[in-house]
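Chains B and C are the protein sequences, given in the same order.
Quick note on the numbering used here: the first sequence kicks off at 1 and runs consecutively.
Quick note on the numbering used here: the second sequence kicks off at 1001 and runs consecutively.
I should point out that these hints are in silico values taken from the structure, not numbers from a laboratory.
Hints should not be assumed to be uniformly reliable.
To be verified - No farther apart than 30 Å at their CA atoms in a straight line, the calculated lysine-lysine pairs in the BS3-like style are these: (1) K1106/C / K68/B; (2) K1060/C / K1109/C; (3) K78/B / K24/B; (4) K1077/C / K1056/C; (5) K1109/C / K1052/C; (6) K78/B / K1106/C; (7) K1060/C / K24/B; (8) K24/B / K1113/C; (9) K1068/C / K1052/C; (10) K1068/C / K1106/C; (11) K1052/C / K1113/C; (12) K1060/C / K1106/C; (13) K1077/C / K1052/C; (14) K1109/C / K1068/C; (15) K24/B / K1109/C.
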Amino acid sequence: DAGVIQSPRHEVTEMGQEVTLRCKPISGHNSLFWYRQTMMRGLELLIYFNNNVPIDDSGMPEDRFSAKMPNASFSTLKIQPSEPRDSAVYFCASSFASGNQPQHFGDGTRLSIL
Amino acid sequence: GNSVTQMEGPVTLSEEAFLTINCTYTATGYPSLFWYVQYPGEGLQLLLKATKADDKGSNKGFEATYRKETTSFHLEKGSVQVSDSAVYFCALSDPGGSQGNLIFGKGTKLSVKP
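Go ahead and model the full structure; you've got the sequences and the hints to work with.
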């Protein structure tokens, strides 16, 4: 079975550029999560969706970050404009919306902003 | 609020040593508990889980028992291998939520030397 698919795996761009990260959740899962991981701050939840609706975006760092889920099989996380401090590994995860179900993670996008 | 506290790493062990990584939690209600493992350059993978008190989760030689009286879910392995070197995350489901959100600990890095 296909797992959570993220693209691109690596992204290097200059500050000020727009960055779009993509995620395809596991088919049938109805919750989707975006995380950011850095050495300094560890794993941080940015936003999560349930049935394509954003439930909690309190972890989104600032207005430069936005996330959408136009349908059950696709989500994007956009940074505009990007800054060097946005450099991190961004993970997408999906799960069934139930308290005892695990989340399944993608392999992440390693983002470097120069 | 709900939270997870893990022992700080890094933990360095010799091959075949006994491993314990402590995890305690604070939660209202009856959360499910999880251990995830992250190998270098990869996303988090579910290692094991327990959904109610006194349940024991196990996988790949790792075990953890859901102890409600001590609010703990310590990870153990009797004989570690070099291939177990990774970062281990304890997590609990949000007892009040129904969207599959998890609360993660900060992670414990394990290094196993031959």
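Subject >> Numbers of unmet hints, in rising order >> reply: Of the numbered hints given earlier, those the structure breaks are 8 and 11, listed in rising order.
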